[in-house]
Amino acid sequence: MRTNLFKLTAAAGVLALALTACGSDDGGDDTDGALAGEGSGDDCVIDGEVAIGAALSLTGAAASYGESQKNGLELAAEQLNEKEGVTYALTVEDDQTDPRQAISVFEGFAGDGTSLIIGPTLSNTAFQAQPIAQEEGVPVLAISNTAAGITEQGDYIFRNSLTEAQVIPQTVAKSIETYGLENVVVMYSNDDAFTESGYEVMASSLEESDVTVADTLTFSKADTDFRALLTEAKNLNPDAIFVSGLIEAAIPLVTQARELGIDVPIIGGNGFNNPQLMADAGEAAEGVVVGAAWNSASDNAENTAFLADYEEKFGGQPDQFAAQAFAALHIVDHAVREDCSADRDAIKAGLGNITDLPTVLGSISINADRDAEHDAVVQVVKDGAFTVLP
Amino acid sequence: MQQLLNGLFTGSIYALFAIGFTLVFGVLDRLNLAHPAVFAVSAFVGIELVEVAGLSIWYTLPIVFVVGGLLGIIIERVAFRPLKNRPDAHFAGLISSIALAGMFIALLQWRYGPNTRRFPADSFPSTTFTVFGAQVTLLQVAILVISVALMVALTLLVAKSRLGRGMRAIAENPTAARVLGINVDRVTMTTFAISSALGAVAGALFAMNVNSAQLGMGTAIELKGLAVIIVGGMGSLPGALVGGLLLGLAEVFAVANIGSSWRDMVAFGLLFLILLVRPQGLFGARKVREV
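Chains A and B, in that order, are what the protein sequence lines are.
Under the working numbering, think of the first position of the first sequence as 585, with each following residue one higher.
Under the working numbering, think of the first position of the second sequence as 207, with each following residue one higher.
Extracted from the complex, chain B is given alone in its bound form:
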């Protein structure tokens, strides 16, 4: 039971991170590799807010969300928009976002130095519950609730709101969307902002969950995020949710049943297996190539 919960908590953070990744990919067909850097930046910003401004960790999350959104706008303006009319825009954007990620990390290192940073020891609520014999902290419950709530909100936004309709129209065909009177640039920018805001909250939650923020934390989760969105089906929001939880659980069960050294081997092996059976991913629609 404890292991199941461990997997769910870690998995929900993977999912929240991956869902931001997949949103940009699904709507705009772009892979934003500055996303992991946002993840790291927000963790450091969150720690700074608690440590220096003395805010409670609950108030830092909305601020981190906004900071993430702003970073998303910067990413879109700097790394993607100037290149959008190039014939190789997909690839160029991918590379320029890697460059921007490098700059974010360099700025972090300049501001905070290379050391691992942590939230002050007394900033977490010490409430602990016992659920079916498993120890659960209030913080972990909050992580799960916040992640799931954000993901549900996003799914509703995409499905029901005007903005969501705009996103889906652009995903279908940007030129047609423009003809229909959708402000493509604004919707694109908003998509990046939402995506990065989710990634930022994921970063802050991750840092709280393990009480440690390192410059390389984005790189460590990047591969997992990519694996999750591929398994979930590129661009599929429920796919990212299920994929994230699945990866979290797979890791935990590898540790519990096979051996800790085999964790990545088993987790990624399992994902591979899913792809062999369903090459389009769990929730991915099989795309017919347009001529």
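So that you can see chain A by itself, here it is in the shape it has in the complex:
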């Protein structure tokens, strides 16, 4: 019995090897032929399906962002596939808000001939997973990473999300001007790459202004009780509180601040930029100021259509994460069609050439550092909705 089993296993192994060998040979030929098409721009026709992989946080701490991103990507893929010529096969995998999981998702995509990888959702996950794609020569388009240094990881890493370094200085300057701030308190969670880099930009923009920072308080991204910190902040009598934290912290923080009688504006980093803030914090969210990469009230044609289509498909309003994800696939489509090839290096070259492309985010360009450039908007919560800060 034992020998039989052994023989059987060995035979199965040999068979499997033979099959994989055949498979990869055929696959290789197919892919090369099918991914280069004819024509260019709108006339481009590619026979094969263009595989796009997305590693998003669908579970774990960043799940609320990942869900929006998934919706944005699916809507964009659906609409782009209705257009003649290029068909996208979108695969969304869950990185569980865990860098280790993201690494294995990236390895999977790199190994199965995926043309481009989108994601992951959080910056600190990105710093661990994206180098895999860089090594394997797969272009990456980051759609929500806003920490400094993401694109410095290599020439295959692009992003369409404005960095904190681009948005926060505008937010800080605008709120100082509007509210006439003189004395502020800064709070940030110091155990997350994203919120920490947000804090650094905040601190340096405040330093350049005439505003006095009375104190800087830190918390952990898992914290939910901020009363002790907020009491400290309140005792310093600030004109405003600047906070760099994720939405999970933002909601209890804002609620507890209002409970303690802190009525000054609370100015948040990108993590606050989420409609969940108003849904869950209710009235407490009034007066929260957030800089954003996407102006939901913008009336350009792309944005108006996006708002209507998203509402129809998902029955709710999109947030910035959905908008950036939606824009990302349009940017990729432009890059693919430019040279009419979904070859990894062709997409990489195409992404580098994006200039003044109209998207839901506004007119977008990718600069020499592979970062996106477009206008930011400073918003304030008023009557339960984000409105542009006057």
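Everything labelled a hint here was simulated from the structure, so no lab data went into it.
What you are looking at is a predicted structure, and each value in this text was computed from that prediction instead of being measured.
Label-pair ranges, simulated between beta-carbon atoms:
1. A/Glu957 <-> B/Glu257: 37 to 45 Å
2. B/Val483 <-> A/Gly764: 47 to 55 Å
3. A/Thr796 <-> B/Gln315: 40 to 48 Å
4. B/Thr333 <-> A/Glu719: 56 to 64 Å
5. B/Leu313 <-> A/Glu766: 51 to 59 Å
6. B/Tyr318 <-> A/Ala806: 16 to 24 Å
7. A/Glu791 <-> B/Val284: 53 to 61 Å
8. B/Pro268 <-> A/Glu766: 44 to 52 Å
9. B/Thr334 <-> A/Glu719: 52 to 60 Å
10. A/Gly733 <-> B/Ala340: 39 to 47 Å
11. A/Glu895 <-> B/Glu257: 19 to 27 Å
Where is the CB? At the ideal position from N, CA and C, for every residue including glycine.
With chain A's structure known, arrange chain B on it following the hints.
Only chain B this time, still in chain A's reference frame:
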């Protein structure tokens, strides 16, 4: 003053959580690591009751108490009773309760998904008091009152009632208790039920206090609960009460006087210091090892 109150409110929840922990340990000499999962489950159940059934938060607490009790019975039946005759019952129960905790959390994730859940924004009374210049909400006062009342009730129960005498007898010597005609299984089950019911109320109150319930909320408080019962003296009810309040206050004063980054460092450092001075904990009796 505000900081003192902040510390008291958080500390009373720590204490209520820890007292359930220490009850099982003190009476049965078992560490029930499914306790933090009960804490999380009850917070989600509480939110569900308010959100879907439309109950006021005051009515949800008794229901959460009962749900917690039922979970306690399940924990005892599934994780502890089948193993009680094994020579390594302490250790086996510890591990099987971790497994059960994992299952509870997985069920929660299946039912509610991974997202943070909150009570609807208008479910809290908006009454606010000003006490010596500090802002206090009605909810916070209620948290303190409910926690302390439950802990006092438990202490009385253990000290005065028939059930309490049974518990203390079992704590002393289970075999002798059985010989004296105490239904050991029933008392054990009741102990688990009460312990988990207290943990459940603590979970619901915690979720109300910070208006946020996460799958990992039990894990976050688990370490604090363990620290509290060690400092208070393993199995000592007043020890858990004082230890919980002490940890809450230590955290707040670390933030106020030393720096927010040092909070856990200072709070746990202080607890360590207490243990160095009093290794048996604040209220723990120094146990003489029986041969």
